[in-house]
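Asks: Next come the chains, spelled out residue by residue.
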Amino acid sequence: MNFRLIVHIARTLLLARVGQTLVAAIGVTFSIAMFITLLSFMTGLNDMLDSLILNRTPHVRLYNEIKPSENQPVNMAPEFKDSYNFIYSVKASTSRQEIYNSGPIMQAVKTDDRVLGVAPKIMAQVFFNEGTLDITGSIHGIDVEAESNLFFFQDYVTTGKAMDAKNVANSIILGKGLADILLAEVGDVVQVTTAQGERFPLKVVGFFQSGIQEIDRVQSYASIGTVQKLLGKSNSYITDIQVKLKDVNMAPAVAKEYAQLFQIDAEDIQTANSQFETGSNIRTLISYSVGITLLVVAGFGIYNILNMMIYEKMDSIAILKATGFSGRDVNRIFLVIALSIGFFGGMTGLLVGFIFSSIIDQIPFNTDALPTVKTYPINYSAAFYFIGSTFSLVTTYLAGFFPARKASKVDPVEIIRGK
Amino acid sequence: MSEIILEARHINKCFHDPVTVQVLRDITFTVDKGEFVSVIGKSGCGKSTLLYILSTMDTDYEGELLIDKELMTNKREIELARIRNEKIGFVFQFHYLLNEFTVLQNVMLPGLKLKKLPQEEVEHRAMERLKMLGIDHLASKIAYKISGGEKQRVAIARALINDPHIVMGDEPTGNLDIRNSEMVFDIFKELAEVHNQTLLIVTHDQSFAERTQRIIEMEDGRIISG
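So the protein lines, in turn, are chains Z and G.
Take the first sequence: its letters are residues 1 to 419, numbered as in our numbering.
Take the second sequence: its letters are residues 1 to 226, numbered as in our numbering.
The hints are simulated quantities; they were obtained by calculation from the structure and are not laboratory data.
None of these values were measured; they are calculated from a predicted model.
Incorrect hints may have been included.
Unchecked claim - With a Cα cut of at most 30 Å, we get these calculated DSSO-like pairs of lysine-lysine:
| hint | chain 1 | residue 1 | chain 2 | residue 2 |
| --- | --- | --- | --- | --- |
| 1 | Z | Lys409 | G | Lys116 |
| 2 | Z | Lys406 | G | Lys87 |
| 3 | G | Lys115 | Z | Lys406 |
| 4 | Z | Lys406 | G | Lys69 |
| 5 | G | Lys69 | Z | Lys409 |
| 6 | Z | Lys409 | G | Lys131 |
| 7 | Z | Lys409 | G | Lys189 |
Claimed, not checked - Derived, one-sided and incomplete: chain G residues facing chain Z with beta-carbon distance under 8 Å:
| hint | residue |
| --- | --- |
| 8 | Tyr52 |
| 9 | Ala81 |
| 10 | Asn85 |
| 11 | Tyr96 |
| 12 | Leu98 |
| 13 | Pro110 |
| 14 | Leu112 |
| 15 | Arg158 |
| 16 | Met183 |
| 17 | Phe185 |
Even glycine gets a Cβ: it sits at the ideal position worked out from N, Cα and C.
Generate coordinates for the entire structure from the input sequences, incorporating the hints supplied.
Replies: See below:
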């Protein structure tokens, strides 16, 4: 109706009690600031922990699993087709971890629109020889460039250069934990014995640190060529094809499709790492519930202050009504008061929240487990700011709703008479 | 025959809390345009209660009330608020200004609410009325910083801002010293005589009432004379 007048009255009432208004607004500011800070920090941590595993895990992994054949020869023979065959002591065949036709498969996968990139890989089980000790470990033969592009390999190489694994012949990048056991430095030569009994000297060109100690103690990386040589295989020998998709949510469907298309085992990231999803979901849930609790508490603060304000302003409400303001106008005046506390408190809260998160972002956070992280991680997602501002308005509206309704029902006669 | 501004027809009112007491019994009277009427009676005779009913703020009564020949009874709250805004001006015993606003803003508020005139025009009219009452120098002061007599004059200015059909007063001089009471009475008198303003003032001040054009005397919820 007469919105400007209502805003004018609301503003005058608010400014008449600056202290009280500030207390209410600071409540909102504080809760929104904490909401933003908490969520930014928690989500930052979540993302970091997830990326620890998920960044380096292929969305779909194609490989040959060692397992007994499902179609034993006797079942395929036509003369025993109608009989029931009992087969004892079935074994996995001596088989081949190698992926047949790896070249054409990689070509085919690369041309798929849904695929971001493909990286081949060989896994080799070896012993590292240190004096009289044999330490078990595995060497991953990788295409260093593809691995760096898709799985951020270079980020985890803390000493030396990732590309040296490709550029230096017969070289290896040791896990930090393993290097500590072997007392190896960059430039040293380590002795490696393959499962077949062949012995090889490999030159250490760097260390890598994944952030997961267990992996760092057993895993090492070398170029694909080096590992092929180690195993005495041809240069088409590949045991894993790692696929990174554009949309990670497509992984289960794509894995299923490839398994059928290429007659191969395919594992998707969701199946391989389901526990991470659950963990981060629950952490997010906790942060949201804490944040929302803060806002609700602030809402009650506003409710109290507005209620008090209405008792104080009974006379003013009565006079407004006597001079022709309707209950609806009075109701609106108090809602505008509540919403402007929410709006300005909330806006300041967003700003303060941003400042807090920036400060946390500057705090050094050095841990051996996380070589790439130097300061506490923060996620500056706009979504938090949007949720925060929406929620501050909604809570203050609800907090103002009942006091405003009460104010609109004030009977001026009772007030004027009561004097 | 002059124009009737306010008409009450058989108004009855009871209080139910804690026991039912009838405070107004069959009140019937009219006020013509330009009349300066005072309602007198002892404390508890129902004169204030009657005023609140006439002012449309109290809607819990039996009978009919007409303002400007329009039936007020059973109208919705929002319509009554508009009628109060446009057609009725109020002056109370305890001045009842909005303490958070300046004197000028206090006077302007009902005018801004009515929204018939632009803000500048409302401000101009408010200043005119303040000048008329000799308090234009207080315009920019905050309402609670001025004296009681001044407050009452501001309240009168506010009551006049929308050129109401009728100004109602509930003991407007009850809380003032003699000098200020005189001043308020002179203002009312001038309004009635010079500006032909209709006034309905509830008072228990006999000397005040005697100088008005018409006295309605109440006793036990009834009009006994006038």
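Asks: Hold the hint about G:Leu112 up to the distance rule: shortest CB distance to chain Z must be less than 8 Å.
Replies: With a closest approach of 5 Å, the G:Leu112 hint holds.
Asks: Once the shortest beta carbon distance from G:Met183 to chain Z is found, is it less than 8 Å?
Replies: Hint violated; G:Met183 Cβ to chain Z Cβ min 22 Å, cut 8 Å.
Asks: Between Z:Lys409 and G:Lys116, is the straight-line Cα distance small enough, at 30 Å or below?
Replies: holds, 27 Å
Asks: Would the pair Z:Lys406 and G:Lys87 pass a check requiring their Cα atoms to be no farther apart than 30 Å?
Replies: OK: Z:Lys406 and G:Lys87 at ~27 Å, within 30 Å.
Asks: For the restraint on G:Arg158, tell me whether the closest CB of chain Z is nearer than 8 Å.
Replies: OK, holds: G:Arg158 within 8 Å of chain Z, min 7 Å.
Asks: Against chain Z, with CB atoms and a cut of 8 Å, does the hint on G:Phe185 hold up?
Replies: violated, 21 Å
Asks: With a cut-off of 30 Å on the C-alpha distance, tell me whether Z:Lys409 and G:Lys189 pass.
Replies: Judged against 30 Å, a Cα distance of about 36 Å means the pair is violated.
Asks: Holds or violated: G:Lys115 and Z:Lys406, Cα atoms, limit 30 Å.
Replies: holds, 26 Å
Asks: With a cut-off of 8 Å on the beta carbons, see whether G:Ala81 makes it to chain Z.
Replies: holds, 4 Å
Asks: Return the status of the interface hint for G:Tyr96: holds when the least beta-carbon distance to chain Z is below 8 Å, violated otherwise.
Replies: holds, 5 Å
Asks: Is the shortest C-beta separation between G:Leu98 and chain Z less than 8 Å?
Replies: Constraint on G:Leu98 satisfied, holds at 5 Å.
Asks: Holds or violated: is the Cβ of G:Tyr52 closer than 8 Å to a Cβ in chain Z?
Replies: holds, 5 Å
The structure shown violates the earlier hints numbered 4, 6, 7, 16 and 17.
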